[in-house]
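J.: In case you want the letters, here they are:
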Amino acid sequence: MSFLLAEKMTGGYGGADILHECTIAAEKGEIAVIVGPNGAGKSTAMKAVFGMLDLRLGSVYLDGEDITRLTPQDRVSRGMAFVPQNNNVFPSMSVEENLEMGAFLRRDDIAGTMEQVFSLFPILKEKRRQNAGELSGGQRQQVAVGRALMTQPQLLMLDEPTAGVSPIVMDELFDRIIEVAKTGISILMVEQNARQALNIADKGYVLVQGRNRYTDTGEALLNDPEVRKSFLGG
Amino acid sequence: MSDPLNAAALLANFVIVPAIAYGSQLALGALGVTLIYGILRFSNFAHGDTMAFGTMITILFTWWFQSLGLSLGPLPTALLALPFGIAVCALFVLFCDRVVYRFHRAKRADPVIFVIASVGVMFVMNGLVRFIIGPDDQNFADGERFIIKAREFKQLTGLSEGISIKVSQSITVVTMIIVVAALFWFLNKTRTGKSMRAYSDNEDLALLSGINPDRVVAVTWILAAALATIAGTLYGLDKSFKPFTYFQLLLPIFASAIVGGLGNPIGAIAGGFVIAFSEITVTYAYKKFANYIVPGDWKADGLMQLLSTNYKFAVSFLILLMVLLFRPTGIFRGKSV
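In order, the protein sequence lines correspond to chains E and C. Final position of the first sequence in my numbering is 234; the numbers increase by one with none missing. Final position of the second sequence in my numbering is 571; the numbers increase by one with none missing.
These are computed hints drawn from the structure, not numbers from a lab. Everything numeric in this text was worked out from a predicted model, so none of it was measured. Using N, Cα and C, we set each Cβ at its ideal position, and we do this for glycine too. Don't take every hint at face value.
[Stated by the list, open to error] Computed cross-link-like contacts, EDC-like style, restricted to lysine to aspartate or glutamate with a CA-CA straight-line distance of at most 20 Å: (1) Lys423/C - Glu160/E; (2) Lys341/C - Glu96/E; (3) Lys423/C - Asp54/E; (4) Lys423/C - Asp109/E.
[Unchecked claim] Some chain E residues well away from chain C (every beta-carbon gap over 12 Å; in silico): (5) Glu100; (6) Ala111; (7) Lys125.
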């Protein structure tokens with residue numbers, strides 16, 4: 001079984017279902033990317049994995065354990081970390097305090113983890129005393145990812161981490177995400193920039209209207225003429 | 235005869251010293267309002283009556299201690315009773331949260347619903363206080379009255395105007411400084427304090443980070459009750475305790491919090507002093523002061539008072555209106571109302 005397995009998820013925000021038997025999996029140390037057109041239920045699928053959505057059917061397993069009924073908070077303590085798309089930092093708190101808050105559940109010494117985050121995102125070390133709200137979009141995104149890493153998660157979930165940042169910053173963020181994956185953390189990511197995201201993905205999921213349309217390795221999806229034509233602009 | 239020294243002494247005695255004391259009291263009150271606004275996201279109309287409730291408990295303990303013969307020597311016995319007042323007030327406020335606000339919080343109600351609920355809590359507290367201690371003035375200050383008496387000051391300096399500093403005024407300022415320093419230390423350095431700021435900044439992300447909202451809410455209420463009780467007791471020592479006056483204090487306290495920037499603790503303190511100084515400078519009668527500084531034989535005809543003290547609340551109102559019209563986020567860029 002995959003490290004993360006969300007099987008046949010069906011449900012929505014009350015009312016009509018948004019997800020229909022949607023299945024998503026991620027292996028240890030691998031990057032899984034969810035792509036698809038607007039309104040395909042990409043973010044909804046991610047929220048369902050994290051427990052922010054009531055599933056009518058289907059189940060979510062983390063490391064072989066059924067976590068379908070756990071609250072998001074409990075999932076955090078089980079090793080999941082989630083970086084929302086918007087409002088993902090504490091704007092009036094310093095970068096360092098943001099990271100401390102990420103590690104709120106931990107009672108042990110967090111200095112080591114903070115050093116790791118700083119070595120991953122050196123700019124944050126420089127700006128550690130500055131308020132997160134005063135940083136640029138790309139830097140803020142780094143704070144958000146750093147905050148999530150402070151719990152030492154085994155699965156990092158990113159909801160459109162590159163939304164609203166410049167292409168250069170996007171490339172850099174993707175590089176960092178690959179580095180995070182290399183440390184053995186599984187990554188599940190929703191992305192608008194499908195081509196670039198599939199480039200770094202070990203596995204890609206193309207969702208359409210809440211259903212799995214294509215599932216393959218990132219490379220295979222990039223080379224699939226049909227996927228290219230319909231979703232990657234040729 | 236122009237006599238700037240006497241003019242300065244006069245101004246210090248009747249404007250600056252009282253305004254600093256009053257400003258400290260308002261600042262403490264506004265800190266409580268701003269804390270509730272920043273973290274629980276509503277304007278707590280019951281804050282003035284929370285002050286009255288906490289002060290009432292402190293007074294009851296003070297009387298009890300006095301009857302037991304306990305005292306702090308030159309300092310008022312009320313300081314000894316203050317921790318008990320804070321504890322009972324905190325319990326009462328937590329009880330109110332349990333029976334009133336928690337229901338709305340679980341439903342994620344709009345802030346306006348909380349505001350209206352807090353008006354209800356205000357009336358209940360107000361009634362309770364009047365029921366227990368009565369609507370009349372209560373004097374509970376004891377110990378020394380003055381640090382410097384006007385007469386001693388005159389003898390010391392040879393001026394014809396004296397400056398008197400009451401014990402209650404200096405206690406007010408010292409307590410304010412200690413409380414504010416402790417509060418800032420708590421909010422900026424401790425784990426719980428930081429989690430409260432995080433919750434205030436971004437509630438959803440705070441939940442994702444595993445911050446326990448019930449704990450944040452409880453600690454916020456306890457802090458607000460402590461600030462309210464301290465502010466109320468200091469005000470009562472400085473002036474006197476009358477439940478209706480505390481209800482009226484709500485306006486200058488809200489004005490302070492909003493002028494400084496709602497949700498911003500530094501703003502609350504600055505706002506408290508802005509309001510206190512405006513209220514007192516506008517309602518002070520400058521006749522004698524003018525007579526000291528104008529040259530020659532000029533004499534002021536009237537009282538030279540901009541507004542009668544009966545209208546002091548108009549000053550808070552006016553400042554409040556101007557801030558809301560021209561800079562709704564307040565001096566220190568709090569949240570917009």
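J.: Does each hint fit the structure? Answer for all of them.
T.: Results for each hint:
Taking the CA atoms of Lys423/C and Glu160/E, the gap is about 33 Å. The hint is violated against a cut of 20 Å. Only pairs whose Cα atoms come within 20 Å are accepted, and Lys341/C paired with Glu96/E is rejected, the gap being roughly 33 Å. Distance check on the hinted pair: Lys423/C and Asp54/E sit about 38 Å apart at the alpha-carbon level, beyond 20 Å; violated. Of the supplied pair hints, the one linking Lys423/C and Asp109/E holds, its CA atoms being roughly 16 Å apart against a limit of 20 Å.
At the 12 Å boundary, the C-beta of Glu100/E falls inside the reach of chain C, the nearest C-beta of that chain being 6 Å off. At roughly 15 Å, the least C-beta separation between Ala111/E and chain C is larger than 12 Å, which holds for a residue marked as non-interface. No Cβ of chain C comes within 12 Å of the Cβ of Lys125/E; the nearest lies about 19 Å off, and the non-interface call holds.
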